[in-house]
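Number of protein chains: 2
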Amino acid sequence: MEGVDNVESKECYMAAYSRDGVPSSDHLKFRIVSLSLAVDSIPDDHIAIRSLWISVDPYLRSRMTGVEEDGLNVTQFPINQVIVSYGVGKIVKSKDEKYKEGDLVVIAEMPVAEYSVLPSKAVTTKIDPALEVSPSEYLNVLGVPGYAAWVGIQVIGKPKAGENVFISAAAGGVGMIAGQLAKLKGCRVVGSTGSDDKVKLLKEEFGFDEVINYKKEPDLDAALSKYFPNGIDIYFENVGGKTLEAVLNHVNTYARIPLSGMISQYNEVWTEREGVRNLLNMVGKEVHMQGFMLRSYMHLFGDFATEMGGYLKEQKLTSKLKINKGIESFLDSMGSLFTSSNIGKVVIQV
Amino acid sequence: MEGVDNVESKECYMAAYSRDGVPSSDHLKFRIVSLSLAVDSIPDDHIAIRSLWISVDPYLRSRMTGVEEDGLNVTQFPINQVIVSYGVGKIVKSKDEKYKEGDLVVIAEMPVAEYSVLPSKAVTTKIDPALEVSPSEYLNVLGVPGYAAWVGIQVIGKPKAGENVFISAAAGGVGMIAGQLAKLKGCRVVGSTGSDDKVKLLKEEFGFDEVINYKKEPDLDAALSKYFPNGIDIYFENVGGKTLEAVLNHVNTYARIPLSGMISQYNEVWTEREGVRNLLNMVGKEVHMQGFMLRSYMHLFGDFATEMGGYLKEQKLTSKLKINKGIESFLDSMGSLFTSSNIGKVVIQV
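Heads up: the sequence lines are chains A and B, in that order.
Residues 1 to 350 in UniProt numbering are what the first sequence lists, from first letter to last.
Residues 1 to 350 in UniProt numbering are what the second sequence lists, from first letter to last.
The shape of chain A in the complex, shown without the other chains (with noise of 0.2 angstroms):
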């Protein structure tokens, strides 16, 4: 396919915005377009990829709202355009000599289309086969995933070895990676998620320490009481409402509480939005709350690659890939982040 000059590429664009619920498809549409990748019609200084994996990430939802200063403060995706996520890609023409046909490329914000031309400066990533890493390990440990998990425990959890973490969200696509990062740093690791199934495996592959169900124990107070006799020391936040109310009852002096994400408030108007009641506690425990964005932590993406590399390396962290196929499976693996449907990071394979 690699030598073909005309392909039709399919690719989702973003029909109208959602501003409650999960984005259904009178939100996100699909078409065909046809795309020439002759090299006289690829401008210099461009590349024409082929779309291998696509990562589905819920700050995508923030994209999709129409609204610009809410929540997450990211850009909207332009009505009618092709919406973009993070990816990878494999090169099929190169109108750069830093890239040649055959090479995979990672790029942060890669059409979600079969087929795309972009300026070579839109590569994050060469990949290097000689680190025999998985391209899809690139959308995940190495990814936005593992990035957002690192600079959560990290950069703003200063673990210490012993200390109390929580974990929420526990077997989405960060909070796996956030809790075997904790158990690294030789801390002890609680985390949360919605199925027996996801417990069983959070425990046994992953080496969490406790996992709640919290369907199974919906007083999340008293589970916390339970599994933290000790207090919580880092509480690493990816679902918000309810769920932080509950861990600020809970907290340590000097607690750590990195906001990841908070997916269960994504899909409404703040003003609908659960309110957090015992903030207060924030002050007798001197709590340090830190929004982050990826974006903000960029200087320090070497030493993230650099340290998560080494534990694939030495097999010291295990990961896990919900694998959807095609482009058309975007809209349900977009809507499957906002159930408990899931477990682990959610990839399309194109």
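Be a bit skeptical, because a hint or two may be false.
Derived BS3-like pairs (lysine-lysine); straight-line CA-CA distance at most 30 angstroms [claimed, not checked]:
1) A:Lys203 <-> A:Lys121
2) A:Lys242 <-> B:Lys242
3) B:Lys126 <-> B:Lys10
4) B:Lys322 <-> B:Lys10
5) A:Lys160 <-> B:Lys158
6) A:Lys158 <-> A:Lys121
7) A:Lys158 <-> B:Lys160
8) B:Lys216 <-> B:Lys226
9) A:Lys126 <-> A:Lys322
10) B:Lys216 <-> B:Lys320
11) B:Lys158 <-> A:Lys158
12) A:Lys226 <-> A:Lys158
Sample of chain A residues with no beta-carbon within 10 angstroms of chain B, all distances over it, derived [said to hold, decoys possible]:
13) Asp26
14) Gln76
15) Gly186
16) Glu204
17) Asn278
18) Met289
19) Met293
20) Thr306
Rather than coming from a laboratory, the hints here were simulated on the basis of the structure.
C-beta atoms are modelled at their ideal positions from N, C-alpha and C, and glycine is treated no differently.
Start from chain A and add chain B according to the hints.
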């Protein structure tokens, strides 16, 4: 009176805990005790003092609830015992050679009583008359409110010249010092308060750039849009609840929110407190929210005293006391903190 060996001393004691609302005469009662100040009835390494000034601060409210693990997480005053506060006393008898009769001393946990006998190590600071600072200033700019303002603005807020700073409860003891300190750092400072008199005072005598009268502009969100066209970089939090929620809709990226206290929330059990629904904004704007208690910053007390003492000497800081007279004014003084009846720091002149 210093020569007298026996005194009748009026004191305020905790008769019953008060969970909700402002403590009343059911909770705080007064009694007169007889005290021998004869030298041989004072143990070695102890001093007898006559109270001159007593500081009345909002955090004291949290020592009167009977609930240890709530809010400020401070120890509760034992039932039937005299309560304590930050104060200035004059030594009337000394069994420690470091102190002599007539010395003025600052005591962090001074009984709310006319006279007391205390271990001399209870003394926080011996006032040097050569400094020419009024003793009451040790309860204000150089005391709890000044220290809270300094830790919040200087240590946690890390102000840069030109930044936009919002101070709630700006005419309160802490707020009026915090605002002046931020001005001294080159910031633009907007406060909120509850009367036109206070607005005028804060602008004309304390140098605030703008002041919101929240009774005249009850839509705080609209007021913040008007007074912060360029957003908020530092919010010095004294109030909590709906005020914090409104601020979180106006924060700039990397905003800092030192949590000094949440006076709107002390008189409620936590489940009845106002929920903050838009914490998700902390993620996108990468906000740093940090609760603090002065006990964790004592290693910086020297830096604080040097800086703030310097401003006082150079007359760069204006201070304002609301002086109530006599031990028996303690109950009304406490209550007045939770209405907007005061301007400035509340102290009792015994």
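Consistency of the hints with the structure:
no., hint, in the structure
1, A:Lys203 <-> A:Lys121, "42 angstroms, violated"
2, A:Lys242 <-> B:Lys242, "18 angstroms, holds"
3, B:Lys126 <-> B:Lys10, "25 angstroms, holds"
4, B:Lys322 <-> B:Lys10, "22 angstroms, holds"
5, A:Lys160 <-> B:Lys158, "26 angstroms, holds"
6, A:Lys158 <-> A:Lys121, "34 angstroms, violated"
7, A:Lys158 <-> B:Lys160, "26 angstroms, holds"
8, B:Lys216 <-> B:Lys226, "14 angstroms, holds"
9, A:Lys126 <-> A:Lys322, "24 angstroms, holds"
10, B:Lys216 <-> B:Lys320, "24 angstroms, holds"
11, B:Lys158 <-> A:Lys158, "21 angstroms, holds"
12, A:Lys226 <-> A:Lys158, "25 angstroms, holds"
13, Asp26, "24 angstroms, holds"
14, Gln76, "13 angstroms, holds"
15, Gly186, "24 angstroms, holds"
16, Glu204, "32 angstroms, holds"
17, Asn278, "4 angstroms, violated"
18, Met289, "4 angstroms, violated"
19, Met293, "6 angstroms, violated"
20, Thr306, "24 angstroms, holds"
Against the hints set out earlier in the document, violations occur for numbers 1, 6, 17, 18, 19.
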